[in-house]
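Chain order of the listed sequences is F and V. Under the working numbering, the first residue of the first sequence carries the number 4, and numbering increases by one thereafter. Under the working numbering, the first residue of the second sequence carries the number 4, and numbering increases by one thereafter.
Because the hints were derived from the structure by calculation, they are not lab data. Be a bit skeptical, because a hint or two may be false.
You can't tell identical chains apart in this list, so a pair holds if it fits in one copy or across any two.
In silico DSBU-like links for lysine-lysine, alpha-carbon gap of 35 Å or less [as the list claims (entries may be wrong)]:
| id | residue 1 | residue 2 |
| --- | --- | --- |
| 1 | 119 | 146 |
| 2 | 116 | 27 |
| 3 | 146 | 330 |
| 4 | 27 | 86 |
| 5 | 364 | 82 |
| 6 | 371 | 97 |
| 7 | 119 | 104 |
| 8 | 183 | 318 |
| 9 | 344 | 86 |
| 10 | 86 | 330 |
| 11 | 146 | 39 |
| 12 | 27 | 104 |
| 13 | 97 | 344 |
Number of protein chains: 2
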Amino acid sequence: MARGDKHLGPLFYPAMYGYFLVPKDEITRRVSHLQKALRENRIESSLWIQKIDVFYLTGTLQRSYLFVPATGEPIHLIKKDFKRGAHESRIDLKVPIRSRKEIPGVIRRYYGKTPKTVGLEADVLPYQEWYGMAEMFDGSQLKDVSALLLHQRSIKSPYEISIMAKAGRVGQQVYEHGRKILKEGMTEIAFAGEMMAKAFELGHEGLLRMRSLNDESYCWHVLSGESGGIVSYLNAPMGGLGLSPAFPVGASRKPIHRYEPVMVDFGICLRGYQIDETRMFCVGTLPNRYRDLYRSIVRIHHAILSAARPGVRGKDLFETGMEVAEKEGIADIYLGPPGNKVTFVGHGIGLEINDPPFIAKRDITPLKEGMTFALEPKLVLEGETAIGIEDTVVVTRGGIRRLTPLRQTVFHAP
Amino acid sequence: MARGDKHLGPLFYPAMYGYFLVPKDEITRRVSHLQKALRENRIESSLWIQKIDVFYLTGTLQRSYLFVPATGEPIHLIKKDFKRGAHESRIDLKVPIRSRKEIPGVIRRYYGKTPKTVGLEADVLPYQEWYGMAEMFDGSQLKDVSALLLHQRSIKSPYEISIMAKAGRVGQQVYEHGRKILKEGMTEIAFAGEMMAKAFELGHEGLLRMRSLNDESYCWHVLSGESGGIVSYLNAPMGGLGLSPAFPVGASRKPIHRYEPVMVDFGICLRGYQIDETRMFCVGTLPNRYRDLYRSIVRIHHAILSAARPGVRGKDLFETGMEVAEKEGIADIYLGPPGNKVTFVGHGIGLEINDPPFIAKRDITPLKEGMTFALEPKLVLEGETAIGIEDTVVVTRGGIRRLTPLRQTVFHAP
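Based on the sequences and whatever the hints tell you, model everything.
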């Protein structure tokens with residue numbers, strides 16, 4: 004962004020101010036992998052609309068559509084901003100459009116015909132949008148192809164893992180900063196804000212993204228004392244009080260007291276890739292009872308991580324956790340209060356915070372090398388507090404590697 | 004949240020730590036207004052699923068479904084957390100459910116029959132969800148009812164307006180804080196983070212919400228100098244560089260230089276209600292050329308606000324803005340660079356940041372008393388900078404009232 008040049012256009016973005024483009028070979032590999040999956044599933048073509056899927060397959064989040072046939076050249080139809088999207092996209096064939104009505108025509112022109120089958124994202128596309136597509140592709144069969152791409156996305160490339168590891172190092176700095184600034188009497192939300200400011204300074208992209216109509220992800224879960232004992236709508240063992248019935252999760256206006264367990268679950272997003280992690284904080288020394296419970300949770304964490312390797316299923320790891328929880332005598336409070344437990348202890352993570360795989364009671368997908376997930380064994384003493392730990396890891400040939408290098412001891416503020 | 008009580012349940016939320024429930028009469032009035040609209044449109048019943056619509060009609064964001072028949076008692080089916088949802092909801096009839104499969108049965112039991120017509124939110128419900136509903140209500144006709152509720156939501160009650168005015172006062176403190184901490188050499192994102200921390204401390208709920216598949220709203224637009232001259236995928240005159248192609252909008256790692264125009268567009272959310280506002284900042288005195296452009300933009304702002312009153316259409320106000328832009332000699336850069344302009348200058352705001360009404364080229368809905376909107380005339384010098392102003396206002400009987408009490412002069416940092 005050289006100063007003084009009045010019409011820089013988009014060409015100054017790469018590498019300036021840490022604004023890096025996605026490498027072309029990364030995108031080429033992703034698209035050809037998807038094309039192979041389409042052929043294997045006998046789906047003639049796919050049209051990608053949701054921004055995260057489009058970003059994954061093109062390298063840009065500009066408003067655009069990506070047409071990927073099972074065989075032939077992908078077409079990137081870019082609406083806004085075309086210049087910027089064309090610069091960032093690693094797809095060769097880029098076509099500017101003004102309205103989505105142009106989609107069928109552009110596809111006919113470059114693909115040579117109207118596809119008989121078009122795969123779309125049925126899990127996220129609003130009915131209105133799907134219906135609009137059905138009208139535009141009148142006579143073609145529409146199919147749901149989200150699962151294909153989600154499965155592909157669950158296995159990360161070395162490039163993706165390196166970004167997540169970098170996000171993990173940012174998280175480490177944010178947590179260490181948190182330990183330094185935490186003071187008795189600070190409200191949960193003020194503490195969350197200070198961590199947020201540090202994270203922003205280090206390049207955190209602020210929003211965590213979740214593939215869901217009604218769930219929304221955010222990075223300021225700070226639950227102190229009794230806040231940790233409050234459940235909410237989230238599919239999580241605890242939710243916290245939050246700020247109002249309109250935001251009934253995460254940090255509240257409750258002041259943080261001395262000797263209270265403070266659960267800090269603060270994810271980081273860099274270049275679209277997220278890591279998730281949780282540690283316990285305390286002003287002063289954590290009382291023995293809570294320290295013992297924390298040790299039990301850490302033992303569950305280690306037991307699951309030691310058992311994780313390619314071929315093992317989420318279900319198996321979930322059971323490992325349950326067994327250790329029984330042995331530790333905390334089964335009743337593990338993963339939520341009695342009658343209100345969640346049935347997972349970990350979730351895939353990457354461009355979205357609910358990527359596959361799931362370390363869950365019913366997940367039978369075997370782990371594969373390159374999968375990344377956040378493991379978060381937690382316990383809830385209803386009305387009293389929550390204790391837990393969370394790390395993001397990548398599955399390697401022989402086991403797992405942690406991407407979140409935080410120390411696993413309690414973060415004691417002076 | 005009395006300390007020491009181990010099983011507080013949800014009863015301690017109200018009023019503690021500023022966690023206020025929505026007043027019952029507010030919800031009663033909203034539901035009966037909706038029922039009237041259903042009758043007028045001859046729609047037998049509606050089922051609300053999207054969290055913001057459900058919150059608006061019940062007072063809780065817990066995971067739940069609200070069935071509203073045109074005539075008869077609404078049924079609130081609450082999944083998670085039931086205790087908390089039942090406490091927060093202002094609907095009388097609350098039914099716990101474990102799975103959405105129970106919906107038709109619960110409706111039959113309490114409504115007495117299967118409705119022949121069920122209204123759903125076609126603009127936001129994913130196809131998969133819609134399809135699931137179609138299977139569950141096999142034999143019933145499904146209709147889109149989003150527009151009904153969006154129209155209703157566009158007119159705010161005195162209660163809603165009072166919360167938005169409070170959010171405006173929080174915004175004022177955040178902007179004044181920003182002026183004090185802004186320093187030459189700070190990166191845009193670090194400055195955004197510091198404003199965020201202040202906003203959090205004052206109870207800002209962090210996320211802005213938008214009714215959209217691919218747009219996401221956030222509150223850290225800080226665009227300094229050339230950043231303001233960069234467009235992005237957003238439906239906005241400018242977008243900024245952002246942090247990466249995965250987050251290509253808002254604050255970047257660019258350092259803020261002396262004498263650069265710094266556009267700060269930072270919304271605030273309190274109890275679910277948002278206000279949106281923009282002011283220009285500058286380290287040192289804003290150069291004359293930019294100051295003159297800022298004055299032109301402020302004149303457009305005032306001209307539109309002076310013309311706004313019940314009965315006037317968005318289209319009329321949009322034209323007023325265009326006329327003043329012509330007179331000021333800035334039509335070429337007004338609302339975006341040549342060839343890349345947006346066709347609106349304001350948007351409704353409330354629980355979502357793209358509520359109706361729209362102050363837009365083609366919006367023919369007449370303004371009504373109680374409507375709230377953010378007016379944001381802006382100009383873009385491509386590759387150079389952006390200049391603009393934004394306030395959130397409510398339409399009153401005789402005109403408008405500002406809900407964002409920020410002073411309209413440039414915020415000069417020392």
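Comparing the hints with the structure gives:
1. 119 <-> 146: Both. Shortest intra-copy (11 Å) and inter-copy (28 Å) distances satisfy the 35 Å Cα cut-off.
2. 116 <-> 27: The answer is within: 28 Å in one copy meets 35 Å, while 58 Å across copies does not.
3. 146 <-> 330: Cα proximity of residue 146 and residue 330: none, with 47 Å in one copy and 53 Å across.
4. 27 <-> 86: within (18 Å within a copy, 51 Å between copies)
5. 364 <-> 82: Classified as between: cross-chain Cα gap 20 Å, same-chain 43 Å, threshold 35 Å.
6. 371 <-> 97: within (34 Å within a copy, 44 Å between copies)
7. 119 <-> 104: Classified as both: same-chain Cα gap 18 Å, cross-chain 33 Å, threshold 35 Å.
8. 183 <-> 318: Neither: 39 Å inside a chain and 54 Å across chains, both beyond 35 Å.
9. 344 <-> 86: between (49 Å within a copy, 14 Å between copies)
10. 86 <-> 330: between (60 Å within a copy, 31 Å between copies)
11. 146 <-> 39: Within one copy only: 17 Å inside a chain, 39 Å across chains, cut-off 35 Å.
12. 27 <-> 104: This pair counts as within: shortest intra-copy Cα distance 29 Å, inter-copy 45 Å.
13. 97 <-> 344: between (48 Å within a copy, 22 Å between copies)
In summary, the structure is inconsistent with hints 3, 8 from the numbered list given earlier, while agreeing with the others.
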